[in-house]
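S.K.: Note that the protein sequences, when read in sequence, are chains A and B.
The first sequence begins at 1 in the numbering used here and counts up one residue at a time.
The second sequence begins at 1 in the numbering used here and counts up one residue at a time.
Note that these hints are calculated values from the structure, not bench results.
Even for Gly, the Cβ is constructed at its ideal location relative to N, Cα and C.
Treat the hints loosely; a few may be bogus.
Stated by the list, open to error - Not the full set, but computed from the structure, chain A residues with beta-carbon under 10 Å of chain B:
1) Gln56
2) Leu99
3) Phe234
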Amino acid sequence: MHFSFQHFLRASILGAFAAFFLYQHLTGDITNYINPKYGFMSKMAGGFLVFLFLIQLSRVWRSSTGGHVHCSSSCDHNHGYDDSFLKKFISYSILIYPLIMGFASAPQTLDSSFAENKGTMLPQAKDSEADSISSDEIHDQEPLPNNNFIREEDYQKRMQYLKESSVINMEKDIFSSYYNAIRNNSRDFVGKPIKVQGFIYREEGLHFNQVVISRFIITHCIADAGVMGLLTEFEQAGSFEEDTWLEIEGELDVTVYNGVELPVIKAKRGRIIEEPSNPYIYPVLREMTN
Amino acid sequence: MYRVFRTYSMDVTSIFVVGIVVSFICINEWIGEKWLIQLPNSFQQLNTIFLSILIEAIPFVLIGVLIAGFIQIFVTEEHIQRLIPKNKVLAVAASCIVGGFFPACECGIVPIVRRLVAKGVPIYAGVGFLLTGPLINPIVIMSTYMAFGNDIKMASLRMGVGFVAALLIAFIISLIYKSNQLKHSAADSASSVKQLEQKTFFHRLEEMVKHSIDEFFDMGKYLFIGAFIAAFLQTYVATSSLFLFGDGFIESTIVMMGLAYILSLCSEADAFIGASFRNLFPSTSILAFLIYGPMIDLKNTIMLLSVFKARFVVTLLFFITIIVFICINLITFI
């Protein structure tokens, strides 16, 4: 019997990766990394990593007679087993780095500095985007309980509600659809009361009394995050720090910014709120009922 | 006696490894509370983005390495020689079509192509497969269709133009390169499959999984490096700095291609990002983004560099860029 330290190390790393994936799902932190719609994939990956881990365990001890039995000389004999110590050290450091970071730090939520890098108020068209992902897609991606999808009738009802209700409430699950509707037909909504929650983001060129009440929208993982923000005007806007979470109530109006007509909220009331535990919004998926 | 010892030592090892993993987690959480708090906020965001790219990519990489393991253990060189057309042009066309039906993402496909080429698939056929695999597949078509407001035009242009570009690139590669361009040649693979054929199916299945594990460790580090650089650029470089080039048609196409390269998005998600640029750029530039990104990006260049000779990867990168750019420009005249 012969103990292989490399196989032992690899088994530990696989185990730690499996633990990392499952841990993210258990703690719910996964929603701060990816759109829960794709959570099924990473759950499967977690399970599969456990399986790989078990198989890898069987390789830690190998019979001393077999020699290079790990893959019956079927590979090109260069799976990094024969590299120099330094090379191995670097490879394994790279492999362990995300694990250290993953377990040591809670996922950091994106803030206004990231929004600045992304640039938002540059009129972004997200008009029809993900609003209408059909059932086919949902079958592919396996729906989840916390999935942001809405039955077609409910969706229509809520979109209707947007036009008829006395106050537009930008709730998290319908945010992107309402945002697009308001953004694309800003004139239709002039004078409508609105209630919205988001963090303060300032872009160059804004007046002292203007801020953008923003949310990040995650399509797949946070690397593809985009900003959805409503321009908001109120007297004391300048006195709030960036990244402060506010709940704003006000009335919609239109303004011209960079030569483009945009909706703007004339705020009447506002209060500081706690950052939600999951601050992100996801594109709305509609389930076709027929 | 030997068997008893073996199972016993297995149990002990398992407990030991699990213990190591658990203590690793605990130590890290402790380190996190003690020191990581002091790291700058932007660095923590960088790490979060880095991890999110990994969480997104690892499932696809696992599928990729599993298929690579399957090819390694179950596919012989004779199979490949029978299936790949002798004629170069036919081989290129066939590989592009097969790639079109193959649901892979650009990081998962690298280990598969490496295994195929090591098994004797000509390099140009491998390239055809590499290019169309992530670009043209049912999931990508579906997401593109939806991202552009259920409009079939963008999705079909993406497929059509992408397919033509892939054909051209693979054909050019077939003119330049004859040998397999792998960093390490795998000469002994043929005999090993024969050797394995005498073993039981389950034994071969076990070999396949073990092989996949090795492949995962091989590719993993390059994926991580690529993901880290992509996350770094996203955190510290403003998207708007890309606009320095100007906003003419040619410039905006270059900007969108650069963006596709740096962002290293998974081809299943990039349509939504592409769609969000519709007000800033002409649709042909967005098409360039949609075609170029899945073919090559930062993350997968680094993975390719680990497999193929650097000179080959640079040549490939060059031709992909030029051909996609020309194709996009031609489209505007039609």
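S.K.: Can A/Phe234 be said to touch chain B, with a Cβ gap under 10 Å?
M.R.: This hint is violated: A/Phe234 lies away from chain B, its Cβ roughly 27 Å from the closest one there, beyond 10 Å.
S.K.: Should the hint that A/Gln56 touches chain B count as held when the rule is a Cβ pair under 10 Å?
M.R.: This hint holds: A/Gln56 lies near chain B, its Cβ roughly 6 Å from the closest one there, short of 10 Å.
S.K.: Regarding the hint that A/Leu99 lies at the interface with chain B, is the smallest CB-CB distance below 10 Å?
M.R.: Since the shortest Cβ distance to chain B is 7 Å, the answer is holds.
In summary, the one numbered hint that this structure violates is 3.
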